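*Asks:* Read off the chains here:
2 protein chains.
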Amino acid sequence: MIKRNGMLVVISGPSGVGKGTICKELFKRDLKDVKLSISATTRKPRIGEYEGINYYYKEEHEFDDMQKRGEFLEYAKVYGSYYGTPKKYVETNLNNGISVILEIDIQGAMQIKSNFKEAVFIFIMPPSYGELRKRIIGRATDSDDIINRRLKAALKEVKEVVKYDYVINNDKVDNVADKIICVLNAEKYRTSRCRFDFSKFKEESFD
Amino acid sequence: MIKRNGMLVVISGPSGVGKGTICKELFKRDLKDVKLSISATTRKPRIGEYEGINYYYKEEHEFDDMQKRGEFLEYAKVYGSYYGTPKKYVETNLNNGISVILEIDIQGAMQIKSNFKEAVFIFIMPPSYGELRKRIIGRATDSDDIINRRLKAALKEVKEVVKYDYVINNDKVDNVADKIICVLNAEKYRTSRCRFDFSKFKEESFD
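These protein sequence lines map, in sequence, to chains R and P.
Read in order, the letters of the first sequence correspond to residues 16 to 222 in our numbering.
Read in order, the letters of the second sequence correspond to residues 16 to 222 in our numbering.
These are computed hints drawn from the structure, not numbers from a lab.
Careful: at least some of the hints might be erroneous.
You can't tell identical chains apart in this list, so a pair holds if it fits in one copy or across any two.
Unchecked claim - As a list, the in silico BS3-like pairs of lysine-lysine whose alpha-carbon atoms are at most 30 Å apart:
id, residue 1, residue 2
1, 59, 18
2, 203, 149
3, 73, 203
4, 132, 103
5, 178, 18
6, 174, 73
7, 203, 187
8, 167, 83
9, 43, 187
10, 167, 203
11, 83, 47
12, 174, 203
13, 34, 178
14, 59, 187
15, 203, 18
16, 103, 171
17, 174, 18
18, 59, 203
19, 174, 47
20, 203, 47
21, 18, 171
22, 149, 73
23, 203, 39
24, 73, 43
25, 50, 167
26, 34, 149
No experiment lies behind these values; they were computed from the predicted model shown.
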């Protein structure tokens, strides 16, 4: 009686919030019918990385052609390399009832929002200003000036939370993973994600 | 940084689906900051029922006055007695951060929908046509004609699912309770239910 497609789930938040750690934790769990999106990139593979597992590795002209053909849900240039989310991987999985998780920065998330409204947008909120500050300082090997610029950017990014469907406070990584799983489950029960077949609503089972 | 009101949660479904059993199971769990709505009624208290615990017992003219003053979120006449959901009980709790669960038929739910859009609407779906049929027959002490009329009504009611936010299949009562709790938790993380205070987003904790 009830049929469901997979969902595209965007996990995003300010830089330094710990999105990567959360996604790793998430896939340690026993997730049914959920995959992590595989990006295309013009960056060269590092040792231990494999085509179609970590990334789809592309030459710049290939990436360029894909972009021109509208084959990306979003793309961006980061430190001289291009990264993009191929539409096809996402769509194939969703049509097969597999949900796809996309761990992505806020700009990318907003690109997805304009291309793929039915995605679920989850914002990871830093546990505190102090914590965010510590992480940004911890990461940077740069001058105070650059740290301050990053911090200022992160404080601006935090306000983007209102454009998301859900906000989860990054207190402890396993709490966050539990909460994300809860959101994924609840979203499955949303009527807007179900196709109902009332014609079979006779002497048969509903589901 | 993030403040939340309580939510009004409407649990509804076709007659005979087992809403009452599900709500009983729900309140066996350790629910934090959740209460069951208390209705006003013109029906006389039964033995073991108490004012303000099971119902608010009203004379018909009192109920009538309340209704005229717009003090009900919804009301209906059932088997000669009036039943209504007092706005005040719901609003006081929500303002105190307590969520309120309302177990109600589809007509009542639709009244709530027009008075209280921000409520969460959960539809309990019968596990199968056969099961629904069995329950309606099991309940009725009436003629085949009345049973058939009820069954027909229930089949019509099932299609109302599309007006709800969530649909949960009533396979096993404790599964259903788990899923409802999951929905309640996920809804807490919805940005549309949060008030953000970015002014405090300085050297303090976010939450």
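*Asks:* Now tell me if each hint is right for this structure.
*Replies:* Right, here's what the structure says about each hint:
1. 59 to 18: Answer is neither; intra-copy 41 Å and inter-copy 45 Å both fail.
2. 203 to 149: Result: close only across copies, 28 Å inter versus 36 Å intra.
3. 73 to 203: Close neither inside one copy (34 Å) nor across copies (41 Å); limit 30 Å.
4. 132 to 103: within (16 Å within a copy, 37 Å between copies)
5. 178 to 18: both (28 Å within a copy, 17 Å between copies)
6. 174 to 73: The answer is neither: 34 Å in one copy and 49 Å across copies each exceed 30 Å.
7. 203 to 187: This pair counts as both: shortest intra-copy Cα distance 25 Å, inter-copy 18 Å.
8. 167 to 83: Close neither inside one copy (34 Å) nor across copies (55 Å); limit 30 Å.
9. 43 to 187: both (15 Å within a copy, 28 Å between copies)
10. 167 to 203: This pair counts as between: shortest inter-copy Cα distance 28 Å, intra-copy 37 Å.
11. 83 to 47: neither (34 Å within a copy, 52 Å between copies)
12. 174 to 203: both (28 Å within a copy, 19 Å between copies)
13. 34 to 178: within (17 Å within a copy, 35 Å between copies)
14. 59 to 187: Neither. Shortest intra-copy (34 Å) and inter-copy (51 Å) distances fail the 30 Å Cα cut-off.
15. 203 to 18: Classified as both: same-chain Cα gap 10 Å, cross-chain 26 Å, threshold 30 Å.
16. 103 to 171: For residue 103 and residue 171, neither the intra-copy (32 Å) nor the inter-copy (39 Å) Cα distance is at most 30 Å.
17. 174 to 18: between (36 Å within a copy, 15 Å between copies)
18. 59 to 203: neither (37 Å within a copy, 42 Å between copies)
19. 174 to 47: The answer is between: 29 Å across copies meets 30 Å, while 33 Å in one copy does not.
20. 203 to 47: Intra 12 Å, inter 23 Å, cutoff 30 Å: intra and inter.
21. 18 to 171: between (40 Å within a copy, 20 Å between copies)
22. 149 to 73: neither (35 Å within a copy, 60 Å between copies)
23. 203 to 39: For residue 203 and residue 39, both the intra-copy (22 Å) and inter-copy (24 Å) Cα distances are at most 30 Å.
24. 73 to 43: Intra 29 Å, inter 56 Å, cutoff 30 Å: intra-copy only.
25. 50 to 167: This pair counts as neither: shortest intra-copy Cα distance 33 Å, inter-copy 42 Å.
26. 34 to 149: So residue 34 and residue 149 pass the 30 Å test inside one copy only (16 Å; across, 49 Å).
This entry does not satisfy hints 1, 3, 6, 8, 11, 14, 16, 18, 22 and 25, going by the numbered hints stated previously.
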